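Read top to bottom, the protein sequences are chains X and U. Each step along the first sequence adds one to the number in my numbering, with nothing skipped, and position 125 is 125. Each step along the second sequence adds one to the number in my numbering, with nothing skipped, and position 64 is 64.
A few of these clues could be false.
When the alpha-carbon atoms are kept at most 25 Å apart in a straight line, the in silico BS3-like pairs for lysine-lysine are as follows [what the hints assert, rightly or not]:
(1) LYS2(U) - LYS171(X)
(2) LYS43(U) - LYS104(U)
(3) LYS171(X) - LYS14(X)
(4) LYS104(X) - LYS269(X)
(5) LYS79(X) - LYS2(U)
(6) LYS149(X) - LYS15(U)
(7) LYS171(X) - LYS194(X)
(8) LYS176(X) - LYS151(X)
(9) LYS14(X) - LYS104(X)
(10) LYS14(X) - LYS257(X)
(11) LYS233(X) - LYS257(X)
(12) LYS176(X) - LYS104(U)
(13) LYS104(X) - LYS224(X)
(14) LYS79(X) - LYS104(U)
(15) LYS14(X) - LYS2(U)
(16) LYS233(X) - LYS269(X)
(17) LYS104(X) - LYS41(X)
(18) LYS41(X) - LYS25(X)
No lab work stands behind these hints, which were simulated from the structure alone. Just so it is clear, the structure is predicted and the values come from calculations on it, not from any experiment.
Now for the letters of each chain:
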Amino acid sequence: MTPSEFEFLKNFLKTRSGLVLSNDKQYLVESRLLPVARSSKLETLSAVIQQLQRGTNRALETEVVEAMTTNESFFFRDKTPFEHFKDTMLPALLESRASRKQIKIWCAAASTGQEPYSLAICLKEDAAKMAGWRTRILGTDLSNEVLEKAKAGLYSQFEVQRGLPIQLLLKYFEQKGEMWQINAGMRAMIEWKKLNLLESFTHLGEFDIIFCRNVLIYFDQATKTEILGRMAKALPDDGYLVLGAAETVVGLTDAFKPVAGKRGLFQKKQAAQATTGSAATPRLAAGGGLGLRR
Amino acid sequence: MKQCLVVDDSSVIRKVARRILEDMNFEITEAEDGQQALDECRKTMPDAILLDWNMPVMDGLEFLTSLRAEEGGENPIVVFCTTENDVAHIARAIRAGANEYIMKPFDREIVEAKFQEVGLI
Chain X
1 MTPSEFEFLK NFLKTRSGLV LSNDKQYLVE SRLLPVARSS KLETLSAVIQ
51 QLQRGTNRAL ETEVVEAMTT NESFFFRDKT PFEHFKDTML PALLESRASR
101 KQIKIWCAAA STGQEPYSLA ICLKEDAAKM AGWRTRILGT DLSNEVLEKA
151 KAGLYSQFEV QRGLPIQLLL KYFEQKGEMW QINAGMRAMI EWKKLNLLES
201 FTHLGEFDII FCRNVLIYFD QATKTEILGR MAKALPDDGY LVLGAAETVV
251 GLTDAFKPVA GKRGLFQKKQ AAQATTGSAA TPRLAAGGGL GLRR
Chain U
1 MKQCLVVDDS SVIRKVARRI LEDMNFEITE AEDGQQALDE CRKTMPDAIL
51 LDWNMPVMDG LEFLTSLRAE EGGENPIVVF CTTENDVAHI ARAIRAGANE
101 YIMKPFDREI VEAKFQEVGL I
């Protein structure tokens with residue numbers, strides 16, 4: 001693929017899907033579009049792009065957009081992390097932070113906002129338990145463009161149909177022409193900041209939960225280790241780190257340990273050790289209320 | 001194998017939906033309007049119904065209301081699938097007993113996401 005072909009593809013994807021493709025994503029393009037090329041009986045990526053440039057192959061255009069945006073953020077992506085949030089993290093924090101009544105959450109790869117908004121929806125849905133609590137959700141991303149979109153909270157019909165139950169759409173969104181906008185109250189729950197994870201984030205302060213899903217995969221091992229180390233410093237001992245379903249800390253850092261039976265959920269090593277012993281009792285005690293839902 | 005009744009007056013939509021749902025391991029029956037769908041349900045209650053709104057003879061909403069009044073008619077999980085994409089229509093469908101709602105145009109991922117939402121897959 002030549003630089004001008006890559007440039008064309010970038011613009012094409014941006015206009016068609018809002019996907020912002022940075023220049024270092026050439027490998028991503030290849031891994032996603034080679035299967036499309038094969039299934040369309042085209043020999044090379046250049047051939048695919050030439051077809052796109054001609055603008056006559058609608059089916060191929062759709063396939064390319066879909067192949068490139070499949071892993072784009074969507075509401076309640078992967079479900080499980082949000083179940084962990086409601087069933088594990090929130091109950092623990094509501095207990096341990098009872099005197100402070102404050103919970104701080106950081107979405108470190110907020111992208112177009114679906115993850116922070118999904119968390120805000122979880123909190124609203126649990127409003128009774130959250131009464132009197134202050135919650136702060138910070139969404140950060142490398143790209144100003146995606147953050148602008150996140151801030152606006154404006155999503156296409158396509159985007160709101162992936163992962164968002166229809167009742168929640170009705171409850172929290174307003175229809176704006178062809179688009180759907182999450183309501184002002186929800187938008188006010190989240191603060192947005194531009195941040196490159198490669199740079200220091202000590203100025204953000206401490207958090208109780210960090211969501212950092214499917215972003216470390218873009219970094220090399222040493223950088224992953226370094227970022228995880230700094231994230232450990234931004235969390236108290238009983239804080240939580242949430243990684244993507246296919247991500248792990250094994251072999252990367254000693255700072256975190258997986259929480260047993262909770263895929264993608266991690267705690268700092270000292271906390272994980274401390275809670276394996278003592279967590280049994282409070283969990284049983286709290287189990288009455290939570291158990292009913294199972 | 002779970003059964004899904006696809007109700008749409010467009011044979012193209014029925015075909016597209018059938019292909020997607022068969023890949024999701026559903027056994028498919030089809031109906032062209034609400035009345036046909038109701039007849040199908042009286043023969044065998046399906047596990048799921050993918051339901052268009054605007055159809056001749058009997059529309060999707062009328063079908064849904066009749067279905068929910070039938071014996072065993074509360075069981076099928078009903079997912080609307082329609083170009084009616086405004087809040088008022090969606091709210092009416094939910095009040096009438098729809099479990100989920102797909103706004104056309106749809107694709108495989110949306111159908112999968114919605115069916116997952118209501119516990120069908």
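Any hints this thing doesn't respect? Which numbers, in order? Failing hints, ascending: 1, 2, 3, 6, 7, 9, 10, 15, 17.
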